[in-house]
Every structure is written in C-alpha cells, then in structure tokens.
Amino acid sequence: GESVGLHLPTLSVQEGDNSIINCAYSNSASDYFIWYKQESGKGPQFIIDIRSNMDKRQGQRVTVLLNKTVKHLSLQIAATQPGDSAVYFCAEKGGGSEKLVFGKGTKLTVNP
Amino acid sequence: AAGVIQSPRHLIKEKRETATLKCYPIPRHDTVYWYQQGPGQDPQFLISFYEKMQSDKGSIPDRFSAQQFSDYHSELNMSSLELGDSALYFCASSFRYQETQYFGPGTRLLVL
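Line order of the protein sequences matches chains D and V.
Residues are numbered in our numbering as their position in the first sequence, beginning at 1, plus a constant of 220.
Residues are numbered in our numbering as their position in the second sequence, beginning at 1, plus a constant of 27.
One or more hints might be untrue.
[Claimed, not checked] List time: in silico DSS-like cross-link candidates among lysine-lysine, alpha-carbon distance up to 27 Å:
hint, chain 1, residue 1, chain 2, residue 2
1, V, 40, V, 84
2, V, 79, D, 327
3, D, 288, V, 40
4, D, 288, D, 262
5, D, 291, V, 40
6, D, 324, V, 84
Because the hints were derived from the structure by calculation, they are not lab data.
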C-alpha cells in the first residue's frame, strides 16, 4: 500500500553541526507534507510543513525541501542543539483524505 | 498558547474492560483526529470528526467508537480491551480550512 518511509532510523551529530533528515513517500496524490518532532513520552510537535506547489520552505533554523520528481522530502536543521535530540517523523496527506500517514521516524541524537 | 488537552494521561485497564479517552481541541479548532502509536511505532490514524460528523476513518477496530460533541471535544470509547490495545493514543486538532494538525500530549493506555 501507500507509505511514507525514512531512509535512516538513527542520526548522530555534533552540537553546532547541521542535520539532514530524509523521507521518501510513494503516494503521488499527496499534496501536503509535515515534519513533527517527538520527545520521549510526549506528543508529536509541529515543526514545519509544505504544500506540493512549493519545493522549499524555511522556518527558524529549519528548512524543508520537497522533490516531487523523486518523491523525496528532507528536513534540515541548522546549528543543531542538544535540545533538538528527539525522534523526527515526516507525514503526508492527500488524495482527499483527512489522515496523516506517518513515516517510521528518525532518532536524532546531538552530542555536546 | 492553548494546546490540545487529553485526559486521562495514564490509564491501566484489565482485559475485556472498557476505557474512555477524552480530547479537548485547541480553541476555535473544529476538527479532531485520533491516532494510535504502539511502542517504537509511528502514529496510525484511527478516525476524525468535523462539526460532530465523522469525516474520515482509518484502521479503527469495531470495538472502538468515537464521537465529537457540540463543544468540539471528542471521546474515544474502547470496549473489550485486548493486550494489543496497549499504546499511546493521541488526539490532534485543526481548523477545517488549515492543514496543520496539532497533537496533544497523549493518553498512555496499558491493558493487563
């Protein structure tokens, strides 16, 4: 079936480095994509989103890139901090459905 | 800013018992979504409501039912609980014409 997946289950970076988390999606009907950060025992926290009519969107220290040609989504975190350590999920929505379809999550660890 | 409120935060039940989870959306949000997240898993969509009407349905067992009330809060009713129902249950809310779903802190259900 349709799915959203992540290439790397874990990512370890040094404090101050830039982090890139990748996500592949397979539903060509998806028109909305979103990144969430989830800390242990907490709910997913909205980071940034992007619609399919865009290929790049920037927030505070974060950038999302969307490549519809290869169905790829990435989250870039600049100057990664220890507080960024968490599991990051991408999710997509589209085809008239209300639901978010989540990828498997990438655990980001930031080493001081 | 006000966030999604869920209650209870933790719940322990025996097999075959029933459970009711409550969700209070962000003020002025009119759409509520329920997701289930197993240990180490990504959130899976269960069901959503808009203006008290079911708007979409995912992989929700027949033993579960949900509704949205006139004040927009929602309740997820779970009957004949099974061990496999042990999970984190998240509620998310959004304003109908905005894509972003904001998640609550979750209810951790343990079925013994």
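Hint check results:
| no. | hint | verdict |
| --- | --- | --- |
| 1 | V/40 / V/84 | holds (25 Å) |
| 2 | V/79 / D/327 | violated (36 Å) |
| 3 | D/288 / V/40 | violated (45 Å) |
| 4 | D/288 / D/262 | violated (31 Å) |
| 5 | D/291 / V/40 | violated (42 Å) |
| 6 | D/324 / V/84 | holds (21 Å) |
This entry does not satisfy hints 2, 3, 4 and 5, going by the numbered hints stated previously.
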